[in-house]
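*Asks:* In case you want the letters, here they are:
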Amino acid sequence: MTVALPISTDPAVVPEEHQPRRGLWRRLPTRAKAGAIMLGAFILAAIIGPLLTPYDPSFQNPAPGLSLHPPDAAHLLGTTQSGQDVFSQLLLGIRLTLELALSVGVVATVLSVVVGVAAAYLGGVWDEVLSLATNVFLVIPALPLLIILLGYLPQKGQTATVLVLAGLGWPWGARLIRAQTMAIRGRDFVAASRETGERTWRILAFEIVPNEVSLIAASFVNTVLYAIGASVALAFIGLADLTSWSLGTMLYWAQSQQALQIGAWWWFVPPGLAVALMGTSLVLLNSGIDELGNPRLRDAGGASAAAWHKLRPTDPTPVLGAAPARRRWRGGRQAGGELP
Amino acid sequence: MPFIVRRLIFYLVAAWVALTINFFIPRAMPGNAVESIMAKFPNLQPSAYKALQAMLGVGHPGSLWDQYGAYLGNVLHFNFGVDVTNYPANVSTLLAQTIPWTITLVGTATVIAFLAGTVLGIVAGWRHGGWLDRVLPGLMFFQAVPYFFLALILLELLAVRGHVLPLGQGYAGGLVPGWHWDFIVSAVYHSLLPAFTIVIASVAGWMLQMRNVMITTIGEDYMLAAQAKGLPGRRVMFSYAARNALLPQLQGFGLAVGFVVSGAIVMEIVFSYPGIGLLLLNAVTSNDFPLMQAIFLVITFAVLLANLIVDMIIVAIDPRARAREGAR
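Sequences listed follow chains X and W, in order. All residue numbers for the first sequence refer to the numbering used here, where the first residue is 1 and numbers rise by one. All residue numbers for the second sequence refer to the numbering used here, where the first residue is 1001 and numbers rise by one.
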């Protein structure tokens, strides 16, 4: 399963895009571009990787010289204790981990949009209950709960893991989306469509949600990041289908067979590095999305705040025109930034 | 209602939700956990069988309400049942042995990382576009690295190859834990690398968050006013910008502390550190459900407590939190 990223604007991945998309790509901060390209490379590896695997990753080569063989031309990343090819495992592992993380991202983001929008739009008791649930699940640490849930499951397959991870991954996005929906709900265009007799679900689907796309994208990226971290950690302690090859199960086998103590760095460094780089690409992407939404965070080209006398001529918010708008924005932030 | 009382009620609700989830999971999940435990540990006594059934709700030991009441009573008395792996040891005894290790290590390292990250974030935000900003992508890498992988790398470099620090464990073999000099020195020496791992892995996150809040704060009007008054730059930076930016940072600390604790606990496994992480690994590998559940509750309560402490700090430094009585 390959899920198209809503924010994947990497031209290498989506070459036949329309003109406006091109503009979006150009407006993206450098950091976000770097993140998108890195993520694109991983997605590409996940798609074509299984075609390139030189060996069956589970094949245990009985040749005595091939146990814990350091990297060479035949085995690009060496072999494991039982003679399995690490490179083949890595290619399949990237695919499985990415697949799982993106699926969790989709399911959890849908959940958080539903909960967030419902809480803000329905209001009253609904809002009280849904907000309380969101805040409670935000403060209860997810990993120990995930461990019990997966521990009790007799089969720890892909679908079960996705559902459990998504079931605990929605509160963060739901909270942001609720705050945003509260802000949009009172706008004139929503009132107008309500006056014209639009049905509630149409207002929600066509007036409110489209205005939250960047927030939804950010919460998707964050959820995928959480899913990668959590699924790898869970697999590392053995709570996964250990017969499949994911980056987490690779690390599990490397750890349980003492790869570190033996000195077989080629066994645990590649999967761990892949996890870290995948995560880095998502963090970069997210900081880019942040910058799009909050231009102050952009790389101020030399406009250092420490040298504030230099800053004033290039102040991005001219005092006259923007002052009232800024004041209103700050009010909104205070309301949203309060504690739950 | 004062802010702190509202928060206290919220944490009590959260604790109750965690307890209730913990009660219902074994009763809702497919499969017979008691049978699988008994099959795995044939040396368990029939009394342990009864206790497990009561704990996990198998075999209809009374109505659901009775079970729930008995369960809440047990938890309030820190009675988490008998541990099946180390039968007949109590789960609470095992927890009491391991919790001090984890709390000391993770607590100290997290506070250090938070303080260091906040200071770095203040500087990075103040000198927006400076050299600290240029190493941001590198820091984002550290933010994305799983704690346990960083632990593996540091172990490889500093212990396996460098022989500078020990390979793992909480203290040197042969020492008896206690309050004597040899043991304390050994324990601190063995905790250096785990603590360093937590600091390295989490400092980037605190720093990035503080940097972003600083940059947003610097754009506020009162900053301009402070600068226009001709106050020295250092004073504006710390008393005006950093002090205001600290509040969102502290609120973020409350939400992120669960992630840090989770990451640190998995990391303990790599170091064979005698904390809760290793206990958790043993519980998972041996399907020791009562122990897993007790660990979940302990970690959750620790995180809730940390949140409460952060809220008290917020009340202490933010007059608005004290003034906003009754307002939501």
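Everything labelled a hint here was simulated from the structure, so no lab data went into it. Treat the hints loosely; a few may be bogus.
[What the hints assert, rightly or not] Pairwise CB distance ranges (calculated):
#1 ILE1004(W) - GLU198(X): 55 to 61 Å
#2 ASP241(X) - ILE1004(W): 51 to 57 Å
#3 GLY1178(W) - ALA133(X): 42 to 48 Å
#4 ARG296(X) - VAL1135(W): 18 to 24 Å
#5 ILE1309(W) - LEU242(X): 35 to 41 Å
#6 THR243(X) - ALA1096(W): 33 to 39 Å
#7 ALA1172(W) - ARG27(X): 54 to 60 Å
#8 ALA133(X) - ALA1096(W): 52 to 58 Å
#9 ASP127(X) - THR1020(W): 20 to 26 Å
[Said to hold, decoys possible] Here are some chain W residues pointing at chain X (derived, C-beta under 8 Å):
#10 ALA1018
#11 ASP1066
#12 GLN1097
#13 MET1140
#14 SER1262
#15 VAL1284
Quick caveat, the model's predicted, so the values are computed rather than measured. Glycine included, C-beta positions come from ideal geometry on N, C-alpha and C.
*Asks:* Please go over all the hints and tell whether each is borne out by the structure.
*Replies:* Evaluation of the provided hints:
1. ILE1004(W) - GLU198(X): 55 to 61 Å: violated (44 Å)
2. ASP241(X) - ILE1004(W): 51 to 57 Å: violated (46 Å)
3. GLY1178(W) - ALA133(X): 42 to 48 Å: holds (46 Å)
4. ARG296(X) - VAL1135(W): 18 to 24 Å: holds (20 Å)
5. ILE1309(W) - LEU242(X): 35 to 41 Å: Holds - the Cβ-Cβ distance for ILE1309(W) and LEU242(X), about 39 Å, lies within 35 to 41 Å.
6. THR243(X) - ALA1096(W): 33 to 39 Å: holds (37 Å)
7. ALA1172(W) - ARG27(X): 54 to 60 Å: holds (58 Å)
8. ALA133(X) - ALA1096(W): 52 to 58 Å: violated (33 Å)
9. ASP127(X) - THR1020(W): 20 to 26 Å: holds (22 Å)
10. ALA1018: holds (5 Å)
11. ASP1066: violated (22 Å)
12. GLN1097: Violated - the Cβ of GLN1097(W) stays beyond 8 Å from chain X, reaching only about 18 Å at its closest.
13. MET1140: holds (4 Å)
14. SER1262: Since chain X brings a Cβ to about 3 Å from SER1262(W), closer than 8 Å, the hint holds.
15. VAL1284: It holds, given that the least Cβ distance between VAL1284(W) and chain X is near 5 Å, below 8 Å.
When each numbered hint is compared with the structure, violations occur for hints 1, 2, 8, 11 and 12.
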